[in-house]
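Colleague: Now for the letters of each chain:
Protein chains: 6
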Amino acid sequence: MSETNNLRVDGRKNDQLRDVKISRQYTKYAEGSVLIETGDTKVICTASVEESVPPFLRGQNTGWLTAEYSLLPRSTHSRTIREVARGRLSGRTQEIQRLIGRSLRAVVDLGKLGERTIWVDCDVIQADGGTRTASITGAYVALVDAINYLIEEGVLEESPLNSFMAATSVGVVDGEMLLDLCYEEDFQAQVDMNIVMTEDGRVIEIQGTAEKFPFSRDQMNTLMDLAEKGIRELVSFQKKSLGIEE
Amino acid sequence: MSETNNLRVDGRKNDQLRDVKISRQYTKYAEGSVLIETGDTKVICTASVEESVPPFLRGQNTGWLTAEYSLLPRSTHSRTIREVARGRLSGRTQEIQRLIGRSLRAVVDLGKLGERTIWVDCDVIQADGGTRTASITGAYVALVDAINYLIEEGVLEESPLNSFMAATSVGVVDGEMLLDLCYEEDFQAQVDMNIVMTEDGRVIEIQGTAEKFPFSRDQMNTLMDLAEKGIRELVSFQKKSLGIEE
Amino acid sequence: MSETNNLRVDGRKNDQLRDVKISRQYTKYAEGSVLIETGDTKVICTASVEESVPPFLRGQNTGWLTAEYSLLPRSTHSRTIREVARGRLSGRTQEIQRLIGRSLRAVVDLGKLGERTIWVDCDVIQADGGTRTASITGAYVALVDAINYLIEEGVLEESPLNSFMAATSVGVVDGEMLLDLCYEEDFQAQVDMNIVMTEDGRVIEIQGTAEKFPFSRDQMNTLMDLAEKGIRELVSFQKKSLGIEE
Amino acid sequence: MSETNNLRVDGRKNDQLRDVKISRQYTKYAEGSVLIETGDTKVICTASVEESVPPFLRGQNTGWLTAEYSLLPRSTHSRTIREVARGRLSGRTQEIQRLIGRSLRAVVDLGKLGERTIWVDCDVIQADGGTRTASITGAYVALVDAINYLIEEGVLEESPLNSFMAATSVGVVDGEMLLDLCYEEDFQAQVDMNIVMTEDGRVIEIQGTAEKFPFSRDQMNTLMDLAEKGIRELVSFQKKSLGIEE
Amino acid sequence: MSETNNLRVDGRKNDQLRDVKISRQYTKYAEGSVLIETGDTKVICTASVEESVPPFLRGQNTGWLTAEYSLLPRSTHSRTIREVARGRLSGRTQEIQRLIGRSLRAVVDLGKLGERTIWVDCDVIQADGGTRTASITGAYVALVDAINYLIEEGVLEESPLNSFMAATSVGVVDGEMLLDLCYEEDFQAQVDMNIVMTEDGRVIEIQGTAEKFPFSRDQMNTLMDLAEKGIRELVSFQKKSLGIEE
Amino acid sequence: MSETNNLRVDGRKNDQLRDVKISRQYTKYAEGSVLIETGDTKVICTASVEESVPPFLRGQNTGWLTAEYSLLPRSTHSRTIREVARGRLSGRTQEIQRLIGRSLRAVVDLGKLGERTIWVDCDVIQADGGTRTASITGAYVALVDAINYLIEEGVLEESPLNSFMAATSVGVVDGEMLLDLCYEEDFQAQVDMNIVMTEDGRVIEIQGTAEKFPFSRDQMNTLMDLAEKGIRELVSFQKKSLGIEE
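Protein chains in written order, with full-length UniProt numbering: chain X, 1 to 246; chain E, 1 to 246; chain U, 1 to 246; chain L, 1 to 246; chain P, 1 to 246; chain C, 1 to 246.
Honestly, the hints are just simulated from the structure, not real lab data. There could be a bad hint or two in this list.
For identical chains, the list gives no copy identity; a pair is met inside one copy or between any two copies.
No farther apart than 20 Å at their CA atoms in a straight line, the calculated lysine to aspartate or glutamate pairs in the EDC-like style are these [what the hints assert, rightly or not]:
no.: 1; residue 1: 21; residue 2: 95
no.: 2; residue 1: 21; residue 2: 152
no.: 3; residue 1: 212; residue 2: 37
no.: 4; residue 1: 229; residue 2: 218
no.: 5; residue 1: 112; residue 2: 37
no.: 6; residue 1: 28; residue 2: 184
no.: 7; residue 1: 28; residue 2: 233
no.: 8; residue 1: 239; residue 2: 10
no.: 9; residue 1: 28; residue 2: 109
no.: 10; residue 1: 28; residue 2: 10
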């Protein structure tokens, strides 16, 4: 980890997460409903249970989980046009919601879920970088609540979840390797990487992009170390909010 | 006002509003940003300033104000499909956002606003009836904050707002005339009316619909009285949240 | 009623309707087909019977009625772009067709209609103000014809219609309260109100909008009186065209 | 011409057109506005002048003419869904409106029109076969009226039209070669051909389709003869409606 | 045939086709897959078998054949925008794919095909005029291969094809009547005609358009003669590629 | 590298690429046009120069490069529906074309390109796994040709390209780590990773996904080694096809 001084715009150390706050039961209808705040990034994550599966899975005795993601128009510095006004999802939104869904499915045994769908909705009410990773981290807690609801209702006998997981971003800014980029850092990053991991450090997703400066294998390893540290901490926050002792 | 006993599902009197809470500066980027709660209905209302006007107004030395409205998918009892997934706004959404924009424009002197647009966004995070009227009441406060911001910045010399205003619903349920319907009441209403008024009781918008039972002129007058009472109270809440003494 | 002189652009008194002409059997395929002319506003209204209901009503032993509205491109002063060219309905069109459908359903006992749908189509071939209210007034006659057809064919035993109804506009122009606004009046109106009533003066729909000048409760009452007078006359025209003696 | 007896469903001879009626000044705003009736097929054709050209023609000192076509929902036996409800034009509609526009442009000297566009709208209010050819025949008259309007207004000095023209259909039904097919004939036709010609018998467009039975060159020639006869008669009707003596 | 000298841009005689090359089994998954080259025009034509029919044909013991057509973006001189980027098919594309499907269906006995659909896809990888006629000529060979596959697999007992067929273009350029127009000729043509014929010279489709200069019946006959000559030659190429001796 | 026997479905060793063939000048209009074949995967890659930039870059003295990707309908085992038929791009397509564009831009100095856009089109004519990585590898060669064209034409003085680059996939199948997955392997993979690198082994993009089995950091390193080996070989093929000696 680089031994730098207080270079970061918000005074953090290079390997330091922003403050994390997870509020459960944030709205009243969803089976799982979480407000996650990582610094100034705030996302409402809900998990909704629907007693059916999409056509391509019917009759196969398996469940499904899918995710949607959206920015409120003024979650951003300048107002973002609603996607419905263009009539279609942007490529960015599609990538993000596919990432969220795929990452969560990696820790769900869909066969144990039964023929039902869990809809995960991540609606960003304030964006300051890292909205997709905050969405994943918060959505996992909403998912735990929705699963627990199904168990309490006697719908499920055991949990189909097989690991805790969380996500964060890492990147290279002015040659420094940083954990959990805020918007200003993200904007200047030469390398930008989003990583989803299980609590024991196995990789679920890695998406790394070099904006102009391709990166070396060594840099990549350092970034992975940073991400692993951050994700272990995020899982602790998840457990604490769920009242689980470690 | 009818002298009934505690018929209402939530124990209110017929002419009683639900609890109102208005939180300003709810998110950090918008010039005006309000969370309004009326009972279990919760709406984020932002007012965003854009330094241009739509093509049809260019060069006419006048401003514009437009509104958009959306339900978060799990703001409702069962999950509502995002409109972008259908590729177009529903008729209901279009009606509501046209109503919000038209109502607010009625109290803004657009000529005094200069060649700029105010975007009002109303995003419902929890819906329990009366989302469109809560949106108008909350959006007016966000609008005041955005106008004050423009005055403080020296962009505007005087406020283009010429009256306080608010909105509420009234209706007939089981023959009873009620103020501020919650979802369960709204669902059963024989008559459903949304009214937008200035603080001195003049009508900006009235939209009344008979679901199966056309209503008499007498009933209509009683409903107008109820609305007027509610709107005066709502304007008091707006002023209190803005720190304005009455 | 105001005692004014010939202020109105077309020489009418303030409380005077434009000339009304209702031509039945206007086209040959529809079960009900009417050309309604109110002054220079001309609308083809058809009522078409379809022997099924939308999915949300299947198996519930009830019928449905829905309406669509469109302007021919050159029904207007300058050519209006077809909505299909934009790929979607405008908010104005959606509002109008929802209004027409809702208003007509208020006088139909859908349970008596059986599991069938009546499609009401209102296509404006010439527009001079009041196209939505002319559509409702004309569509009601087409609906009567379609219902009579079903009775004659032995499909229905009794009529599901429980009242005559019609619609008109009222408004405030230059301080004058006027009945049945033509385009030029509508364009200048400070207040614009569309009212749908049964023949005995009960309100089905009221939609009133203040363009800049919120209106008082007194003004509203006067406008309601004007509308009531006009609607009684319109119902007379409907009955005469149907050969019903009053 | 085949010497058959009264085989045709409506009693016509094989080489006989349906009754034709052309009503000019049908609506009041368009520069040219015609109702054409050919038997039970009825089409409103308007020609609207716009003082600009599409981007690809700007600054080239030439004009443009374009056409749009639509069926009213209940112009047909069973109700046709509006195209805007699907969000896009059908292939059939696109073909027809391209045909109408191309055919009319063939007799207009666009250079003489100046930098303006003529929008031709053909809205079918009752369809009984041959709607596209009736549209062309009627639209030509509306176009003459719009051009004459421009000449009377002093906008144009001379007419850019260089020939009368009209269109009809021919086809093979049960081995008989028929002129001007009504819907029932069209439905059964083995060969279906639409032909647009100038008044002196030159071909502007020919579109022939064999539904299952490819046709010989001899049959094609006979069909062309029939079409030529019909089109000469249609041009006479056009001239008569325009008060032009032949 | 006109006795002209080497007027044509590529040195051909007026009644001469461009070089034709038909490559079968061009890609490995489709039941029929052909690359057809006519001069510099190159089209991949595939025929795909699907074991179902569209809803309007279900249970009627008949098959279906439908066609789609597309240009690769840089098949053209300057890059053509993908149609998906506009969200809808152009009128030109719809016309072409309807023409291809209709033409091929004219030689298929759909009843003999059984309840299955053949999808014909024509993707132009290089365009130098005549892409729609090359598509039809090539698609017919792909269709023969797909049918033979179904016979070899024992799915069909006999071929539902009842004739060879092919298509070409003819036109008038600088007063010369030409067979098989390349792009440069097509661009300058006064008359442009696409003709689809069976191998014995019967007409399946004729689509002729006068760009500014309506053409006489005599010209039309000469053009038909040219097309007939070309189509007989194209059928020979088809047979040769299929290893069928004439 | 794992020392396995001929486990792979096509007889390759674990660290062996499929046969690669790169054909330049594949079509005649594009400034760069390549057919790349990697095993049975075949993609036409073109690079087209347009003398303008998108609005967000105008006047900034910089160029742009953007990519589009599409599957021909029968490039796949069973026919894939065209995206235009759904009216919008799938999430998968958007992800792929964003990846291609971003990867190529990482090696282009856009400032040196001048105010012009390079459109990269990757159209898959046969798909057997690895279509996105083959697209990138092939598109790079088309890009080199387009840049060389601009230099030869005197439009550019020096190349804005700063490194060779290529892409491949790696994955874990039945516990084996494999280079360059074909469709059958990709379908069964527990881990699937696409990697884009410069010729000297720096990472431009990494996208790794665990389908059910999150992977360890060790596995990830081995996969990176495999990818690096493959990409060096692919760059050799690119250079050979361009006639560049190493």
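Colleague: Each hint needs a verdict: does it hold in this structure or not?
Modeller: Outcome of the hint check:
Taking the closest pair of Cα atoms, residue 21 and residue 95 never come within 20 Å of each other, the shortest separation being 26 Å inside a single copy and 31 Å across copies. In this assembly of identical chains, the alpha carbons of residue 21 and residue 152 never lie at most 20 Å apart, being 26 Å within a copy and 33 Å across copies at closest. In this assembly of identical chains, the alpha carbons of residue 212 and residue 37 never lie at most 20 Å apart, being 31 Å within a copy and 28 Å across copies at closest. Within a single copy, residue 229 and residue 218 get their C-alpha atoms as close as 17 Å, and across copies as close as 17 Å, so both meet the 20 Å cut-off.
Proximity of residue 112 to residue 37 under the C-alpha cut-off of 20 Å is found in neither arrangement, the shortest distances being 31 Å within a copy and 39 Å between copies. In this homomeric assembly, residue 28 and residue 184 come within 20 Å of each other (Cα to Cα) only across copies, at 15 Å, whereas the closest approach inside a single copy is 34 Å. Taking the shortest Cα distances, residue 28 and residue 233 never come within 20 Å of each other, neither inside one copy (28 Å) nor across copies (27 Å). For the identical chains of this complex, residue 239 and residue 10 are neighbours neither inside a copy (26 Å) nor across copies (36 Å), given an alpha-carbon limit of 20 Å.
When the C-alpha separation of residue 28 and residue 109 is checked against a cutoff of 20 Å, the pair qualifies neither within a copy, at 27 Å, nor between copies, at 37 Å. Taking the closest pair of Cα atoms, residue 28 and residue 10 come within 20 Å of each other only across two copies (16 Å); inside a single copy the shortest separation is 34 Å, beyond that limit.
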